[in-house]
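A.B. asks: Residue numbers (our numbering), protein chains in the order written: chain F, 16 to 420; chain A, 16 to 420.
Just so you know, nobody snuck in bad clues.
Which copy is meant is left open, so a pair is good if it fits within one copy or across any two.
Calculated lysine to any residue pairs in the SDA-like style (CA-CA distance at most 25 angstroms, straight line):
hint: 1; residue 1: 127; residue 2: 296
hint: 2; residue 1: 127; residue 2: 182
hint: 3; residue 1: 60; residue 2: 81
hint: 4; residue 1: 60; residue 2: 71
Calculated directly from the structure, the hints in this document are not laboratory data.
2 protein chains.
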Amino acid sequence: MALVVQKFGGTSVADAERMREVADHVARTVRRGDQVVLVVSAMGKETDELLRLAAEVSSVHPGREMDMLITAGERKAMALVCMALHHIGIDSESFTGSQAGFLTDTNHRNAKILEVRPDRIRASLDAGRVAVLGGSQGVSTDHEVTFLGRGGSDTTAVAIAHALGAECCELYTDVTGVYTTDPRVVPTARRMPTISFDELLEMTATGCPKPAMRSVEYARTHGVRLHVRSAFTWQEGTWVDEEEPDMEQAIVSAVTHDTSEAKMTLAGVPDRPGVAATVFRALADQEVNVDMIVQNVSDHGVTDISFTVPHADLASAMEHTERLAAEVGAAGVSSDDTIARVSVVGAGMRSNPGVAATMFETLSSCGVNIQMISTSAIRVSCVVDGGQVEDAVRALHEAFGLHEA
Amino acid sequence: MALVVQKFGGTSVADAERMREVADHVARTVRRGDQVVLVVSAMGKETDELLRLAAEVSSVHPGREMDMLITAGERKAMALVCMALHHIGIDSESFTGSQAGFLTDTNHRNAKILEVRPDRIRASLDAGRVAVLGGSQGVSTDHEVTFLGRGGSDTTAVAIAHALGAECCELYTDVTGVYTTDPRVVPTARRMPTISFDELLEMTATGCPKPAMRSVEYARTHGVRLHVRSAFTWQEGTWVDEEEPDMEQAIVSAVTHDTSEAKMTLAGVPDRPGVAATVFRALADQEVNVDMIVQNVSDHGVTDISFTVPHADLASAMEHTERLAAEVGAAGVSSDDTIARVSVVGAGMRSNPGVAATMFETLSSCGVNIQMISTSAIRVSCVVDGGQVEDAVRALHEAFGLHEA
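Could you put together the complete structure from these sequences and hints?
C.D. replies: Here's what the structure looks like:
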């Protein structure tokens with residue numbers, strides 16, 4: 016008998032019929048002899064709907080009230096899924112974040128888990144029940160309801176798996192695992208049977224939407240084995256685990272792309288210490304989520320700094336950066352919201368030079384101009400024109416031989 | 016500076032615009048110098064929608080899960096209304112039943128309040144805030160979330176008013192108070208400036224839909240003054256209070272009617288002790304909500320027992336009663352779902368005989384046949400044909416002079 020955590024997202028519990036399918040899935044696991052902790056998100060688009068209502072009601076959104084509002088969505092879903100389990104004879108109980116022992120800090124909307132005390136969950140499992148947890152929620156050290164943020168249900172699942180010492184944490188999505196690239200762009204994209212935490216982190220940071228990056232970090236820190244798989248087949252998905260030291264590494268494991276960001280350039284910046292710090296501290300204080308930052312070498316004492324920001328933050332970022340440009344004596348600020356980022360990721364890159372060169376040659380040969388470059392030990396990213404990004408993904412997937420078995 | 020409890024129902028918080036109107040109303044009370052505890056129900060038809068979802072998902076509805084599901088509705092509403100208050104500069108905090116200190120028994124779906132420990136509410140008021148409570152919820156002695164039942168928000172309001180020693184509890188509805196009869200049936204119906212708890216209880220028991228009967232009982236038991244009024248005028252509504260011993264009593268205060276029930280008759284029942292007990296205990300065990308019960312005098316050792324049940328319970332009640340009829344040796348069971356009940360209510364009836372006679376004469380003179388009669392110290396009810404009930408209401412309202420000032 017194994018203990019497994021199974022997490023289903025909003026799409027999987029969007030209506031009564033899908034909830035019953037989730038219940039059937041859990042029932043098969045239970046009848047196989049395993050203990051199950053089930054984590055569910057809010058139904059379908061419910062979280063968006065609650066945010067829309069809040070925007071309609073008020074321009075002021077105290078964190079305490081927002082978290083109370085948003086967590087209502089997961090409460091509904093967990094109670095309904097629990098009923099669906101009872102309907103097919105599976106005994107179960109639902110638990111809020113507080114009931115499940117998720118103690119968090121007081122940072123509303125995006126609370127951090129401090130500790131998980133799963134006494135009630137253990138008791139429920141010991142009594143032979145399935146424990147159903149509302150995702151992405153906890154109770155703060157101030158005894159207030161907290162929300163762990165969008166995508167927080169994945170984190171809930173990983174954290175409860177760690178706290179209970181579960182054999183693995185199964186994250187169910189609408190695809191059958193993690194792919195070498197987005198299958199909507201490259202139909203021959205291949206499901207990876209295994210991937211390391213580091214690679215998956217780089218992928219989620221550069222456009223792979225699931226699982227949520229934070230949950231992968233949590234799993235890596237605490238050594239929780241993840242299994243990313245499809246809800247409605249019993250086919251194996253993708254296992255995410257520590258890298259085996261002697262594993263034969265693929266040089267490049269995956270190609271990702273991200274069209275959610277815009278590029279900003281602060282031109283003619285005086286090249287003296289502290290300028291970059293001034294700019295990016297000020298943007299951080301405005302909660303502008305700056306991503307890729309590139310600074311060219313200095314030319315005659317001035318330099319250009321380019322960076323990417325989410326489309327949603329662009330207007331605010333432009334406003335603040337224009338003010339900062341004057342302060343630090345820069346020549347001006349420009350932005351481009353038609354860019355995209357394409358990245359190649361692979362743990363084998365560490366011991367294989369030349370990946371960046373191959374990437375640049377591939378992009379060049381299909382006429383894609385590179386606007387910005389940044390690299391990590393296991394990733395190379397290029398900012399390119401948004402209209403060319405799918406061509407770039409297809410060419411890179413082909414060039415690195417990812418469609419082959 | 017007075018402390019007032021204000022309760023708004025689902026219609027008053029059905030959308031963002033109405034929530035903002037509620038916030039404006041509360042703001043005016045606060046700016047007058049009063050402290051406010053606000054109690055809100057779930058938005059519009061949300062509770063019905065949650066029940067529909069539960070029915071769609073499962074035929075098994077554990078009480079614990081149902082209460083978790085349904086209370087999500089009030090949590091949403093309270094957080095949103097709180098934001099609407101912040102939007103206009105009124106500091107406020109929302110509280111679940113548990114946070115507000117509502118300790119209940121473990122009877123899910125219809126939990127009874129055991130104790131209210133309003134420490135957090137007092138602290139919020141002392142800090143100069145409006146405390147916003149989600150209605151109809153608490154936490155059980157087993158530490159589970161409980162629901163106080165449909166209409167339970169009125170009870171929440173009365174209970175918190177009692178626990179805090181509030182000056183009064185204002186129950187806001189879509190009409191401007193309690194009327195001498197349903198104004199949709201009799202346009203000249205008159206708003207009553209005052210009414211006693213006993214009269215209002217009889218009225219709510221016989222078809223006056225608001226406030227919820229249970230909250231009136233709670234208010235009577237604990238001596239909480241109620242003010243039933245309209246949300247969107249500052250006009251006085253109806254005060255509900257103890258009867259003044261020397262008050263000049265109206266003989267008849269109001270005419271009510273109820274079309275939500277069907278009549279059942281168990282015919283040819285052997286007239287021996289225990290038969291009625293057998294029948295009604297069995298129906299109670301099936302949670303059939305039997306209301307008016309009338310038994311005729313025995314004729315040749317057999318009698319007829321008639322009673323009313325909600326339309327929703329009729330099919331189940333017929334099934335069980337047919338089985339019981341055989342058990343107790345009755346001749347048969349019949350039902351009629353086209354009936355209605357009309358009642359006259361008045362504390363002055365206690366010292367004025369002849370009200371029943373006037374009622375029967377009035378019904379007779381407008382051609383309404385009486386099928387069943389039952390009385391209490393301050394009420395007379397008749398079951399009549401459903402098609403004639405509005406005529407009966409109009410005639411009785413006229414006959415007892417209720418349209419006069």
